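**Q** Listed here are the chains, written in short residue letters.
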Amino acid sequence: MIVLGVDTSCDDTSIAVYDASSNKVLSNIVSSQYEFHREFGGVVPEIAARKHAENIDLVFLEALKVAQVSPSDLRLVCATNRPGLLPALLVGLTFAKGISYNLKVPFKAVHHIEAHLFSPFIGSEPSYPFLGLVVSGGHTLIVLVERLGRYKVLGKTLDDAVGEAYDKVAKITGLGYPGGPVIDKIYRSYDGDYLKLPKPKVSGLNFSFSGIKSAVRRLAEKGAPTYQLVSSFQRVAVSYLIDKLKEAVKETKVKRVAVSGGVSANSLLREELASLGVELYIPPLEFTSDNGAMVAYLGYRKFLLEGEDSLEVGALARSQIT
Amino acid sequence: MIKRCTFKTKSEGETKELGELLGKLLPEGALLVLKGDLGCGKTVLTKGIARAFSVPEEDVSSPSFNIVHEYPSFVHIDLYRLSCSEEVYDLGLEELLSDERVKVIEWGEIAGELLENPIVVECKDKGGERLFKIYDPEGKICGKLKELWRERCQG
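In order, the protein sequence lines correspond to chains P and Z. Each residue of the first sequence is one higher than the one before, counting from 1 in the numbering used here. Each residue of the second sequence is one higher than the one before, counting from 1 in the numbering used here.
Isolated chain P (complex conformation) (with noise of 0.2 Å):
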């Protein structure tokens, strides 16, 4: 059975084709990974949702030249549909009922973060129950995930995402945007000392990255390194992602640990993931960021679950994962 994933809840515009029967993922295109997209001068985010219409034509037959199949091949098409920016979520939603209603096949709706939590298992199933966390640009949060549809938020971030902080300590040091990958590379080459950033103490398992965020302003305004200050950053805003998720297997006494999400790439991180004793499943990196193949994925599971969605299902900018 052969899936569409569509996925525009952001930056990216991205389409996916999953065979479902061979759990493989035959191709998986992301817009600014794509030379056909026009340079945007490496520090400015493409968001625009006429970015998205402009895209996402050629992001599909993209897609489906890859997988090497044609729309008649299609037998289920699956779309992000919320939580993200509206007018983004809009062109990805419309384009994937418009290719339903016209292949006359089911359509199904999904929720990006929930999206994110089963990437770490594309190309197996999953087993349960797993503690989920998603680390991004735009969430952090640990779910107890007891079965497909069933999930207990166990902890969030009550004001920066850890993926917004390396962008704005990046932006604050001068290092440009993206930020995760700029950071990470210099703490590789870093192997000075290292500064003493607070970790913010949240009670229980939320997080909050805008304390050290600060911490970094004030450092680099009275003069701190730059490496120093990044490589420092980086140790300490990893050490508390570590600190959290122990907290959280040692509370729900559950051993699985699923991690997502674009700062899921970062090698630090990793690493302390590797030695932490549980058993772990991380996604390869083209599945770490936003991305078609992981809607694909959820969404048959999801339809094999629950049945198709109405045409008629909307978007929505918030919606928390039940």
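The set of hints was computed from the structure by calculation and includes no laboratory data. Please read these numbers as outputs of a predicted model, since none were measured by experiment. Check the hints yourself; a few may be wrong.
Unchecked claim - With a cut-off of at most 30 Å between alpha-carbon atoms, the simulated DSS-like pairs for lysine-lysine come out as follows: (1) P:201 / Z:133; (2) Z:35 / P:171; (3) Z:133 / P:222; (4) Z:24 / Z:133; (5) Z:24 / P:222.
What the hints assert, rightly or not - Cβ-to-Cβ under 8 Å is the rule here; a few derived chain Z residues that face chain P: (6) 5; (7) 39; (8) 43; (9) 58; (10) 64; (11) 66; (12) 67; (13) 69; (14) 92.
Each residue gets a CB set at the ideal place from its N, CA and C atoms; glycine is no exception.
Since the structure of chain P is provided, determine the placement of chain Z on it from the hints.
**A** Frame of chain P, contents of chain Z only:
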């Protein structure tokens, strides 16, 4: 009519209290622009404002990445990632800006003329203390807010 006023807070808790009092004084459809450096307390103040609209403060996080966070009675917008006012139109924000909900906008400078007569709050981190300077073109907020802030200190 007082158009300008300044408040000093000594903790996150106090900043939230100030936000809540301010939130209660905002008229329907008000546009409030928050200015100031990264980490000066914009999101914390917004958590307080959210309280005035019965939005649980733990539900209010930074909208930098998602740009818009909508709640039933108020909208939290962050234009940090935008680079020109054209993008503001592309996002369809002008529709959002004209509804009856109160809008709190971080990094609103980029929106330029789209924001008509906003109430502006500028924050500064003074090493532990935070200063919030309010500029209210209609002069309807400062007088009352100063009164409420004083009462709170005495009570």
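**Q** Is the interface hint satisfied for residue 67 of chain Z? The criterion is a beta-carbon contact with chain P at less than 8 Å.
**A** The hint holds - residue 67 of chain Z has a Cβ within 8 Å of chain P, the shortest such distance being about 6 Å.
**Q** Take the shortest C-beta to C-beta distance between residue 43 of chain Z and chain P; is it under 8 Å?
**A** The hint holds - residue 43 of chain Z has a Cβ within 8 Å of chain P, the shortest such distance being about 5 Å.
**Q** Mind checking the alpha carbons of residue 133 of chain Z and residue 222 of chain P for me, to see if they're no more than 30 Å apart?
**A** Between residue 133 of chain Z and residue 222 of chain P the Cα gap is close to 25 Å, so the pair holds against 30 Å.
**Q** Next pair to validate is residue 201 of chain P with residue 133 of chain Z; report whether the Cα-Cα distance is within 30 Å.
**A** Satisfied, since the Cα-Cα distance of roughly 28 Å is no more than 30 Å.
**Q** Restraint: residue 39 of chain Z near chain P, CB-CB cut 8 Å. Satisfied or not?
**A** holds (3 Å)
**Q** Given residue 66 of chain Z was flagged as interface, is its beta-carbon under 8 Å from a beta-carbon of chain P?
**A** holds (5 Å)
**Q** Return the status of the interface hint for residue 58 of chain Z: holds when the least beta-carbon distance to chain P is below 8 Å, violated otherwise.
**A** holds (6 Å)
**Q** What's the verdict on residue 24 of chain Z and residue 133 of chain Z, does the C-alpha distance respect the 30 Å limit or exceed it?
**A** holds (17 Å)
**Q** Is the interface hint satisfied for residue 64 of chain Z? The criterion is a beta-carbon contact with chain P at less than 8 Å.
**A** Since chain P brings a Cβ to about 5 Å from residue 64 of chain Z, closer than 8 Å, the hint holds.
**Q** Are the Cα atoms of residue 35 of chain Z and residue 171 of chain P separated by 30 Å or less?
**A** holds (17 Å)
**Q** Is the hint on residue 92 of chain Z kept, meaning its closest Cβ partner in chain P is under 8 Å away?
**A** With a closest approach of 5 Å, the residue 92 of chain Z hint holds.
**Q** Answer holds if the nearest beta-carbon of chain P is closer than 8 Å to that of residue 5 of chain Z; otherwise answer violated.
**A** At 24 Å from the nearest chain P Cβ, residue 5 of chain Z fails the 8 Å test, so the hint is violated.
Hint compliance for this structure: hints 5, 6 are not met, and every other hint is.
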